[in-house]
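Each residue of the sequence shown is one higher than the one before, counting from 1 in this note's numbering.
It should be emphasised that the hints constitute simulated quantities derived from the structure, not laboratory data.
Mixed in with the good hints, there may be bad ones.
As the list claims (entries may be wrong) - Straight-line Cα separation of at most 30 angstroms, DSBU-like style, residue types lysine-lysine; simulated pairs: (1) Lys243 x Lys168; (2) Lys168 x Lys218; (3) Lys198 x Lys168; (4) Lys44 x Lys100; (5) Lys218 x Lys44; (6) Lys100 x Lys207; (7) Lys136 x Lys36; (8) Lys136 x Lys249.
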Amino acid sequence: MTRMSKLPHITVVMPAYNAEKTLIQTYNDIPHDIVKDIILVDDKSRDETVKVARDLGLAIFEHPQNRGYGGNQKTCYQMALERGAEIVVMLHPDYQYDPKLIGKMVRPIIDNEADIVLGSRMLDGSALPGGMPKYKYAANKFLTFTENVVLGLGLSEYHTGYRAYSRKVLATLPFNNNSDNFVFDQEFLVQATYFGFKIAEVPCPCKYMADASSISFKNSSIYGIMTLQTLTKYILHKWGIKKFNIFEK
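Turn these sequences into a full structure, and let the hints guide you.
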């Protein structure tokens, strides 16, 4: 990343669940020269994730009960806004996504070219060679095609967990109305499209590791159905047929 005289306040948020084995590696590869704040929200892990995070000196919030992936992100973003973040990067602590790409992730936002940046595993063709299961690859392509048709965009994928957001996006979208499960990410991008925010992508090599978190086939199927339901809500709300609170402040 090209150095600037004054960088914005860049915060990394890590929604964590049983990330003890990969958290240190993830933390070490974060570009600490540009990242000002690192927040870890633990979703009632059963391992030593919190202890490792505490030893690293991270800002930590512990959920007293497991709230799910979406519920974890809600806390992440609320904390980031409260701590003065101007750009927020969501980075999974399971090392599936490369922390060294943070500089490239935030650059389009700094340059006012985008409000949201997605780290895409599809742009460079690394998804299958990187270990993405074939059924997930096929589902990703199908859902992405459908979302592009409905939303009028041309993204290579919507289903990456590596994302950067401007403060304005997080302050505008009613993300607290979203689901607490995995479909939160899709609701967020559909909301962003509805509110007129610009989305960009950067290539992100895909790495599926033994210690990385993974959604089961059953939950993947539920996620796909809920993604299609979210698109249906978008159409109905946009056409004024029925209102949904995920699109209302």
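Right, here's what the structure says about each hint:
{"no.": "1", "hint": "Lys243 x Lys168", "verdict": "24 angstroms, holds"}
{"no.": "2", "hint": "Lys168 x Lys218", "verdict": "35 angstroms, violated"}
{"no.": "3", "hint": "Lys198 x Lys168", "verdict": "12 angstroms, holds"}
{"no.": "4", "hint": "Lys44 x Lys100", "verdict": "27 angstroms, holds"}
{"no.": "5", "hint": "Lys218 x Lys44", "verdict": "22 angstroms, holds"}
{"no.": "6", "hint": "Lys100 x Lys207", "verdict": "14 angstroms, holds"}
{"no.": "7", "hint": "Lys136 x Lys36", "verdict": "34 angstroms, violated"}
{"no.": "8", "hint": "Lys136 x Lys249", "verdict": "33 angstroms, violated"}
When each numbered hint is compared with the structure, violations occur for hints 2, 7 and 8.
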